[in-house]
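If you read the sequence shown in the UniProt record's numbering, its first letter stands for residue 1, the second for the next number, and so on.
Where hints are given, some of them may not hold.
Simulated pairs of lysine-lysine, DSS-like, Cα-Cα distance not exceeding 27 Å [unchecked claim]: (1) Lys-149 with Lys-285; (2) Lys-89 with Lys-206; (3) Lys-206 with Lys-154; (4) Lys-283 with Lys-89; (5) Lys-273 with Lys-114; (6) Lys-283 with Lys-273; (7) Lys-273 with Lys-285; (8) Lys-149 with Lys-206; (9) Lys-273 with Lys-89.
FYI, nobody ran anything at the bench for these hints, they're computed from the structure.
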Amino acid sequence: MTEYNVTAKQARQHSIELTLEQLIACQYWAKESIPLPHKKTRAHLVGGHLSPFKGRGMEFSEVRQYQPGDDIRTIDWRVTARTGKVHTKIFQEERERPVYIVTDLQDTMFFGSKNRFKSTLACLQAARAFWAAFNSGNRVAGLFSTAEKHIELKPSNRRQNGLRLLQHLLELHNQRLHDVYSGSDSYRINQNALSDTLLRLRHLVKGGSLIYIFSDFMNLNEECRQHLTYLAQHNDIYGVMVYDPLESSIPVPGQYTLTDGLQHVHIDASNSKDMHRHQQSFKQKVFQVNQCFTQSQSSFAVCSTADTMTELALDPSISTAASIKNTA
Numbered sequence: 001m002t003e004y005n006v007t008a009k010q011a012r013q014h015s016i017e018l019t020l021e022q023l024i025a026c027q028y029w030a031k032e033s034i035p036l037p038h039k040k041t042r043a044h045l046v047g048g049h050l051s052p053f054k055g056r057g058m059e060f061s062e063v064r065q066y067q068p069g070d071d072i073r074t075i076d077w078r079v080t081a082r083t084g085k086v087h088t089k090i091f092q093e094e095r096e097r098p099v100y101i102v103t104d105l106q107d108t109m110f111f112g113s114k115n116r117f118k119s120t121l122a123c124l125q126a127a128r129a130f131w132a133a134f135n136s137g138n139r140v141a142g143l144f145s146t147a148e149k150h151i152e153l154k155p156s157n158r159r160q161n162g163l164r165l166l167q168h169l170l171e172l173h174n175q176r177l178h179d180v181y182s183g184s185d186s187y188r189i190n191q192n193a194l195s196d197t198l199l200r201l202r203h204l205v206k207g208g209s210l211i212y213i214f215s216d217f218m219n220l221n222e223e224c225r226q227h228l229t230y231l232a233q234h235n236d237i238y239g240v241m242v243y244d245p246l247e248s249s250i251p252v253p254g255q256y257t258l259t260d261g262l263q264h265v266h267i268d269a270s271n272s273k274d275m276h277r278h279q280q281s282f283k284q285k286v287f288q289v290n291q292c293f294t295q296s297q298s299s300f301a302v303c304s305t306a307d308t309m310t311e312l313a314l315d316p317s318i319s320t321a322a323s324i325k326n327t328a
């Protein structure tokens with residue numbers, strides 16, 4: 001029987017434990033602008049270009065006298081009645097939007113066979129998303145959760161608050177890593193952790209926000225689907241599924257026991273039928289998560305712990321089908 005075991009000391013030696021310097025360095029791999037979902041409009045009378053913002057995405061600027069060609073729906077009737085001349089309201093496009101970084105640090109995330117843990121990968125990607133949003137002048141908020149704990153940070157475009165966001169993410173990750181591998185705490189699985197986080201997100205998020213979700217989506221259920229559908233009605237969502245290569249394929253023949261914290265599966269990696277079932281199970285999981293985001297017209301991508309930092313591209317145009325194919 002082959003077993004994988006990592007002590008807390010070994011974890012630190014292999015850079016599984018995060019540092020603030022790592023999260024700050026992610027700004028050098030962040031894109032200059034935030035990647036936005038490319039959605040097609042369903043209406044034919046909304047103009048030739050689709051705004052990246054949901055809702056009006058405009059704020060009031062001034063009132064001026066009506067001119068031929070102005071939209072009659074923007075007429076300011078109060079000013080018109082007071083002056084006796086028709087006036088219209090002028091709006092300008094809002095240049096900033098709230099960006100929410102949702103990071104799932106459930107215990108299933110604290111595993112990895114190449115380069116880093118899934119939890120480490122999620123935090124690095126979350127940091128990149130933060131810097132992309134912050135450098136674009138947007139207000140960034142954080143929602144980080146484990147099986148029993150979650151941290152909420154309000155939207156802010158101040159650098160000091162942004163560094164505090166990264167510090168909270170760092171501390172939550174490293175504390176849970178230490179508890180899981182020091183033997184002082186048992187392995188905890190909360191099947192409702194992700195749905196509870198998304199429910200809380202529904203109460204926090206205002207329309208027109210951009211939401212990043214970093215998770216392995218092990219606990220994706222029907223409640224999660226309902227929350228995502230509701231959130232996607234008024235916000236843009238970008239889901240990133242992190243995984244480890246061993247979840248998709250086992251390269252070394254032998255007897256393995258795999259668990260998600262609730263169920264155990266025994267696999268003979270030298271048996272072609274067992275390996276085929278293992279690979280198909282992973283592909284089916286990715287397909288289900290992808291379908292969940294697709295049905296809500298949200299963006300979705302997958303990231304592997306085996307990827308190098310330069311390969312961890314936050315681009316919603318990534319072909320999920322191609323990514324899944326490469327994991328086989």
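How the hints compare with the structure:
Restraint check for Lys-149 and Lys-285: satisfied, since their Cα atoms lie roughly 26 Å apart, inside the 27 Å limit. Taking the CA atoms of Lys-89 and Lys-206, the gap is about 24 Å. The hint holds against a cut of 27 Å. Distance restraint check for Lys-206 and Lys-154: the Cα-Cα separation of roughly 12 Å lies within the 27 Å cut-off, and the hinted pair is therefore satisfied. Of the pairs offered as hints, the one joining Lys-283 and Lys-89 is violated, with about 52 Å between alpha carbons and a cut-off of 27 Å exceeded.
Annotation: proposed proximity of Lys-273 to Lys-114 holds, straight-line Cα distance about 25 Å (limit 27 Å). As the CA atoms of Lys-283 and Lys-273 are separated by approximately 15 Å, the hinted pair is consistent with the 27 Å bound. For the hint linking Lys-273 to Lys-285, the alpha-carbon distance of about 18 Å falls within 27 Å, and the restraint holds. For the suggested pair Lys-149 and Lys-206, the alpha carbons sit about 23 Å apart, so the restraint of at most 27 Å is met.
Annotation: proposed proximity of Lys-273 to Lys-89 is violated, straight-line Cα distance about 68 Å (limit 27 Å).
Hint compliance for this structure: hints 4 and 9 are not met, and every other hint is.
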